[in-house]
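Using the hints provided, position chain W relative to the given structure of chain S.
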Amino acid sequence: DTAVSQTPKYLVTQMGNDKSIKCEQNLGHDTMYWYKQDSKKFLKIMFSYNNKELIINETVPNRFSPKSPDKAHLNLHINSLELGDSAVYFCASSQVLRGGSPLHFGNGTRLTVT
Amino acid sequence: KQEVTQIPAALSVPEGENLVLNCSFTDSAIYNLQWFRQDPGKGLTSLLLIQSSQREQTSGRLNASLDKSSGRSTLYIAASQPGDSATYLCAVPDSGGGADGLTFGKGTHLIIQP
Chain S
1 DTAVSQTPKY
11 LVTQMGNDKS
21 IKCEQNLGHD
31 TMYWYKQDSK
41 KFLKIMFSYN
51 NKELIINETV
61 PNRFSPKSPD
71 KAHLNLHINS
81 LELGDSAVYF
91 CASSQVLRGG
101 SPLHFGNGTR
111 LTVT
Chain W
1 KQEVTQIPAA
11 LSVPEGENLV
21 LNCSFTDSAI
31 YNLQWFRQDP
41 GKGLTSLLLI
51 QSSQREQTSG
61 RLNASLDKSS
71 GRSTLYIAAS
81 QPGDSATYLC
91 AVPDSGGGAD
101 GLTFGKGTHL
111 IIQP
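Chains as they are written, first to last, in my numbering: chain S, 1 to 114; chain W, 1 to 114.
Isolated chain S, as found in the complex:
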């Protein structure tokens, strides 16, 4: 069974559209994340949620809105898509323990905005 699964794997859409990416983890972890990997393969955190509460919101445009209906899900909704939003978006989860714990990543969603 896939531990962290995100859908869709590929998403091609036009500028100005609104789209969502879904993420689910079956590891029982408390914390979930969204990361963005740009064209230069650089990974950067966007958001993290701990027990459905927003912990991190990096300098991400407010067109990006994460939604966590429960501990096992963290969906990413993007409004008014722009060309610069094209990237691979990774969902991840971890069990928050003092001293940290390994992150488990999904396989990514490649978003292409035309």
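Some hints here could point you the wrong way.
[Said to hold, decoys possible] 25 Å max Cα-Cα, derived DMTMM-like pairs, lysine to aspartate or glutamate:
hint : chain 1 : residue 1 : chain 2 : residue 2
1    : S       : Lys36     : S       : Asp85
2    : S       : Lys41     : W       : Glu3
3    : S       : Lys36     : W       : Glu3
4    : W       : Lys68     : W       : Glu15
5    : W       : Lys42     : S       : Glu24
[Said to hold, decoys possible] Sample of chain W residues with no beta-carbon within 10 Å of chain S, all distances over it, derived:
hint : residue
6    : Pro14
7    : Glu15
8    : Asn18
9    : Val20
10   : Thr45
11   : Ser46
12   : Asn63
13   : Asp67
14   : Ser70
15   : Ala79
16   : Asp84
17   : Asp94
18   : Lys106
19   : Gly107
20   : Ile111
21   : Pro114
Derived from the structure by calculation, the hints contain no laboratory data. Each residue gets a CB set at the ideal place from its N, CA and C atoms; glycine is no exception.
For chain W alone, coordinates are given in the frame of chain S:
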């Protein structure tokens, strides 16, 4: 702000060689350090997590070391195989080791020649 640097950016070696990947970080107050592997079009797989109190961790042919005081970590791969070809990333928690996400290096793209 934490910065993570990985050297070299790319490495190509013949099968069977032992090799070392380097990672350095600017803020030594870390709780742990993780090494990941990313295959093309795939998510990230956590290889090793070293807690700040540890100096090294081993998993099979992989050995990761951590020197907090100098802000360095190395990933040693013994008897490399073509299947080891991937991008290797190191990452440290942004702060506190909790739900604050990770800061990643830009990775070392490794090619093992058969």
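Check: Of the hints given before, which are not true for this structure?
Finding: 4, 10, 11, 17, 18 and 19
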